[in-house]
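J.: So you can see what is in the structure, the chains are spelled out below.
Number of protein chains: 2
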Amino acid sequence: MFLRGAMRVQRKKALVASMISLLLGAVLVYHWKASDSSVLNVQQRLDSAMEKLIERNARHWENSYDDIPYHLKQTSVGSLARNGCMCEEDPQSIKVPLADLFFPRVSAQDLKLAFRPSKLAGVKQRRQQEYNDFRRRSQSAADLLIVAEPNSPLQYPTQGLEVQPKRSVLIPGLALKHKPRSLYSVNLTASMGIFNMAATVNEVQVSNEGKMHIALSSRALSALNRQLQFITYTNTIFHPNTADVVQFGTDGFQAAFTIKIRHEIPPKLYDPGPSAEYNISALVTIATKTFLRYDKLQDLIDSIRLFYPTVTIIIADDSEHTKPVTGPYIEHYIMPFGKGWFAGRNLAISQVTTKYVLWVDDDFIFTSNTRLEKMVEVLERTTLDLVGGAVREVTGYTATYRHTISIEDGGEEGDCLHIRRGFHHIIEGFPNCVVADAVINFFMARTEKVRQVGFDPRLVRVAHLEFFVDGLGSLHVGSCDDVIVNHASKIKGMLPWGQSETDKAYSKFRYPAASNIQNALFYFKNHLKCITSN
Amino acid sequence: MFLRGAMRVQRKKALVASMISLLLGAVLVYHWKASDSSVLNVQQRLDSAMEKLIERNARHWENSYDDIPYHLKQTSVGSLARNGCMCEEDPQSIKVPLADLFFPRVSAQDLKLAFRPSKLAGVKQRRQQEYNDFRRRSQSAADLLIVAEPNSPLQYPTQGLEVQPKRSVLIPGLALKHKPRSLYSVNLTASMGIFNMAATVNEVQVSNEGKMHIALSSRALSALNRQLQFITYTNTIFHPNTADVVQFGTDGFQAAFTIKIRHEIPPKLYDPGPSAEYNISALVTIATKTFLRYDKLQDLIDSIRLFYPTVTIIIADDSEHTKPVTGPYIEHYIMPFGKGWFAGRNLAISQVTTKYVLWVDDDFIFTSNTRLEKMVEVLERTTLDLVGGAVREVTGYTATYRHTISIEDGGEEGDCLHIRRGFHHIIEGFPNCVVADAVINFFMARTEKVRQVGFDPRLVRVAHLEFFVDGLGSLHVGSCDDVIVNHASKIKGMLPWGQSETDKAYSKFRYPAASNIQNALFYFKNHLKCITSN
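So the sequences go chain by chain: A and B.
Residues in the first sequence are numbered consecutively from 1466, following our numbering.
Residues in the second sequence are numbered consecutively from 1466, following our numbering.
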């Protein structure tokens, strides 16, 4: 009896063991099937897609009319993009004192002078390496030139096609418009996806369905074109943001178009709340950085509270011996001593939870002219991302510091940065407001856009335009001169146009003795070789 | 004599006064000419450009083959983008305890349940308003569908054209390939720029040069085509990031293509320094957030220092009573009490000055398996922006928390977010590494990319996947299971698969009782209506 009992126990154990194994096996199979274990070199596929386009460009459309003469126009030559760029200074035409103040001339800075000559070769080589990696990560087949062949019987989409990774899309607009013939055939080829039919049409033969290269043929042209209305492209090689090249061909003709493959970028929206008017406390956070100037900071806070008692004020503080800064809706952040100007700015904006952020310096004073509602209105009713105001000095001089900026391609030596006083145009409906590329350090901006650009914490001391340079192509920048904040600092210098902090920062770009740290950063980080400014 | 002296003084004053006026006048003229005072409604021009394309789409290429029948394929229908989206739960097929643990089924969450029914209508209406503004700011004519007409004598560029704001570009690839006729003519129209000739060719008549609509004609086709090699487009209506539509036509045929108008986005590069190997201290900053756990934090720091004595560690601290955390290369930031998890994360990354940032929780412990060099190698040699590692619990269970994420278009009700365990594919050359869309909270990433996505400070308590949802379309995410950090917290729960913090965050998506704050944010901020996850 004992033996039978022992065997029964053993059998039970065996049974339980096999059930557990079965269960584990089932779990493993379930999870294994859920993931695609294929090993892929996505980069190869991307390169292959781009190479196809580049080859095609070299072959197909470069017409040769070299025998026909032309007359170059002098004016055009200068304005076209050249194969390198130059930073040219204006000659000093009026040699009188203060000439530059009245008639600002363009001066140039050579950025490689920020490096010791012995180090420069290494810096340049590492910069080129980082730059090539950056270009590789940010370019796709969607950026390459494609030229449509004339007199081609092919109809196809040339832009606007997009598919999410690993998903499918119906390709619109495919058709063949040949003259009558006995057999009509087309083929489609891709590098990062496959083709399928969403529906089938009689009289059409399809070969290689579900592959990267399919061919369709039919004796009836209308049947073939009906079938072409049901072609789907399914991305099979995952990439979060790239493009595939589709080649669409028939006897003697070839067309190419790209399909963007990318995750849909989700919006980052803010709820303005149910108020009918602009609720400044719900929409705006005031951000500032302070260093050693608690008295000025308190003056700023007191002046804000006269007009906006419940707006949140975020203070980034890198003073050596910090004092508490308290009060309702005050958020005081303590940084390690001396971390710096842009580190403090980046910290402050990183904490904002409202749709807009207003940047102020800690020595500003709000007055009845500091109507934040006006700035909110511009941002709500236009596509601007950032709108600057005006800063009034003690003397009455009011500055908006409007500048335009552009970067000119320069090749391996680096690009050319051009900074000019001025703006692009006045904004219709807002006669006090203009569009520019850089403005003064008193501005309201969309929190998400300002954070996307960011204030580079590598800039420890005076810096200003770096933010707007980093923002090129991302920020739509404006400036309204009817929203005014007062600047509490003493007059520096004897001219009516007193030297303020702003002017000092500005001066960095006029005079060649600019900070080495800033220039070294422009050189490496932004791949620049020189700056012109006026 | 006195009178003559007085008159001389008066004359001098008058002279000085007129000289000053002249000078001021000259200065004013100089500065006035520097700025373009035109008042522009840029939005109207953009809309006009986009409308042209939409009209053209409606007219030109929609072929009608409605009389030809087709057979829909069942499999295709599901995978194509639908006109709305659905969040469908898997039915509970196996009704045994712990079934969900072994065979995770898909569960769904309805996000509008985060709002009180009385508030929902207002929330939904404001969300739609914000969403429409967002779409308006982020779309351009370059996103619209264009279909190339077949059998057209026009040759033209279909993609790849780009010009900086207010600058010029030569348009490549324009040509006319008509059959012989007595007169050949073409015309070009734009909305945000003008056309010019970089060079002129004999026998070609050009009208309206320097305008938004030019016409060219010639009796000699080769002369016309030679002239077409010298057409330039100059953007005249400033916008930092948009596209113009160019219509290129001849008798009976019309083509359309877009030219992107945008500032060149400057790169943001980091100098890795002259070392031949990976210099972790120069390349990587470790970032963490702490709250009340100074002992665990010190254990973390001590463990890091065993292997990386000079790597900078940034600590964001929102404890109520903060203690100093000191040591070489330690940066301790004090936040207002309880600002929260993602506010702390956003603060920490805002302070990084190296190319890469490594995120760690304050209760991790570095071991000899925590080889940061491996993560750096993956980021240096692939296009990944972020690579997660593995976190080993006390029990030995090691988690990588790999998930794939996608967003399906849903229309006005909002979109559908789908989260699944798993990954996309293994990375060639890195057999321990895969590509996914979300990973565990132990990862190294490119500082610039992580800051561009950001950690939303509106998320105060537990949150994790929100960062990866915000990163969709921006971050290329990977995961390597051979870089392991230990998790110092106690075992929670009895299963070998113990409930860690990670699992708790994960649980939020499995069980409908998820945080209202998180769901409300998904609903409004990301324009979602529901979430499915397994």
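Don't read these hints as lab results, they were simulated from the structure.
No residue lacks a Cβ here, since even glycine has one placed at the ideal position from N, Cα and C.
Hints may contain errors.
[Claimed, not checked] Some, not all, of what chain A presents toward chain B, calculated at C-beta under 10 Å:
no.: 1; residue: K1517
no.: 2; residue: L1518
no.: 3; residue: E1520
no.: 4; residue: Y1535
no.: 5; residue: Q1624
no.: 6; residue: Q1694
no.: 7; residue: G1738
no.: 8; residue: L1771
no.: 9; residue: P1774
no.: 10; residue: V1776
no.: 11; residue: V1927
no.: 12; residue: N1981
no.: 13; residue: A1985
J.: Run every hint past the structure and note whether it holds.
T.: Hint check results:
1. K1517: violated (14 Å)
2. L1518: holds (9 Å)
3. E1520: violated (15 Å)
4. Y1535: OK, holds: Y1535(A) within 10 Å of chain B, min 4 Å.
5. Q1624: Hint on Q1624(A): holds, closest Cβ of chain B at ~5 Å, below 10 Å.
6. Q1694: Hint holds; Q1694(A) Cβ to chain B Cβ min 7 Å, cut 10 Å.
7. G1738: holds (8 Å)
8. L1771: Since the shortest Cβ distance to chain B is 24 Å, the answer is violated.
9. P1774: violated (19 Å)
10. V1776: Violated, because the Cβ-Cβ distance from V1776(A) to chain B comes to roughly 16 Å (cut-off 10 Å).
11. V1927: Where the cut-off is 10 Å and the nearest Cβ of chain B is about 17 Å from V1927(A), the hint is violated.
12. N1981: Hint violated; N1981(A) Cβ to chain B Cβ min 14 Å, cut 10 Å.
13. A1985: holds (9 Å)
Taken one by one, the earlier hints fail for this structure at numbers 1, 3, 8, 9, 10, 11, 12, listed in ascending order.
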